[in-house]
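Engineer: With chain X's structure known, arrange chain W on it following the hints.
First to last, the sequence lines map onto chains X and W.
Sequential numbering from 1 applies to the first sequence in the working numbering.
Sequential numbering from 1 applies to the second sequence in the working numbering.
Honestly, the hints are just simulated from the structure, not real lab data.
Just so you know, these numbers come straight off a predicted model, no measurement behind them.
Even for Gly, the Cβ is constructed at its ideal location relative to N, Cα and C.
The reader is advised that the hints may include incorrect statements.
As a list, the in silico EDC-like pairs of lysine to aspartate or glutamate whose alpha-carbon atoms are at most 20 Å apart [said to hold, decoys possible]: (1) W:105 with W:91; (2) X:8 with W:224; (3) X:50 with W:118.
So the derived label-pair ranges between C-beta atoms look like this [unchecked claim]: (4) X:72 with W:287: 17 to 25 Å; (5) X:40 with W:164: 38 to 46 Å; (6) X:92 with W:169: 40 to 48 Å.
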Amino acid sequence: MNRLDIIKMLGDVITEIDVARGSLLPDDPNRHRLDDLRVLLDDRQRKLSKATFDDGTQQFQDAAQKLKAVNDQIKGSIQQVNQIVTVLTNIGTFLDEVTSLIKTIGPFV
Amino acid sequence: MNQEFSSTKTCVSSGLMPIARNEVPSLMPGKVEKSYRLRLHLLTLLILAVVSGCAKPSAYKAPVGKFRDASMVVIQSTKVYLTELNKVERDQYIYSQASKPEQIKLNEIEQVQVFSKEGIAARLNALDQLSSYVDLLNQLANSTAPETIKTKASDLQTSLTNLSGQIKTLSGEDDKQFKNVAGTVLPIIGDVLQAFADQAIENALKKAITVGAGPVNQLIQAIEQDATVAYERKRNRFSAMRVMLIDQYNREFEKGKNAEPEKLKAYADAISAEEDRWEAFLTAQPTDGLEAMKSANQALVQFAGTSKPSVSDIARFVDAMDSFAATAVRVGRAVQALSGK
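The following block holds chain X by itself, in its conformation from the complex (with noise of 0.2 Å):
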């Protein structure tokens, strides 16, 4: 995977996580941790977006494979709002991996 992979894939879970957010009232504490959460995965994906960094790196493809792993457990399981609890987390997990994946390329971040 390289670096457009992983903006890409950023790019599906922010989408979903709208549409979750979308699915919400505007008051709902829930839709407000998952407007947090959509601010640090858009920041992220910001900083990816602006870096030249080698992504063919071992440790760079070790970090997307995990996340990738992590990507293919909660697709599609995002906008199932009536599992808040579990959105959550899988976002959380998600969000943790890629910034696991960041720490790999630099100081940039």
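Structural biologist: Coordinates of chain W only, in the frame set by chain X:
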């Protein structure tokens, strides 16, 4: 080989030029339905050209024209994305602050933008030069005025030199990759252009297609990466906008009996329009057009490398250009519909 090329000139002037011109409208909205009929005409003429002993340059003529037209659409669409990249980031920040609501700060607006103004200008300039190069290929395939071509090739060479200078001054972290690729491929394209001044037009065309195609594809690839980023960030913003409009409606809805029906209707209309735009946007990936352009460019190379093209070689070549043109039409229409929104 030169004699073989020269012997085609009567075929070039007698048959294919009008078809090449007729192909242009098939790229325009509403004219796609003509493409099959035009394709059949083109194929028939190409077959006649081969059967009657005409060699390759004449066979390039209409497909290269189609390649040029489709390339223009794709390049223009890509320019829209790159031009709007910073607007996307600004708007995302501005509307996100407004929806919370939180203070808007000018320094934060500056920070969120992805490329520097110089970086965007250099990429747009590279796309302009790519456009000029493809146009030159088309003129080579159709030209009856070699001196004009040589002058244009020389002008383009000068523009590429200027572009190289412009790219060298880029210092942003986000410009590194583009800078590396452009630094490698622009001199090669410049050498190809030099051949136009030194060689017969037919040979120059063949050289341009075979030697220039690799670097041109590398340049397209570099721009494609930036365009992908631009598309993904725009997708992010459009997705956020969908939620903002839903929130707007729901806030009014939550007022219960005090909700104003006119406002609810207006907000519902806004949601409906946004959903239409979202649907259109998902079909407007600039990478589709650029990938198709690379494939078509590759097909040009393959065809140029075939010394005696068979009917099936020509059919494949025409199919490749048609496929590229169809993708260009789709992406071009969608981007046009979304431009500035």
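Engineer: Provide an ascending list of the numbers of those earlier hints which the structure does not satisfy.
Structural biologist: none
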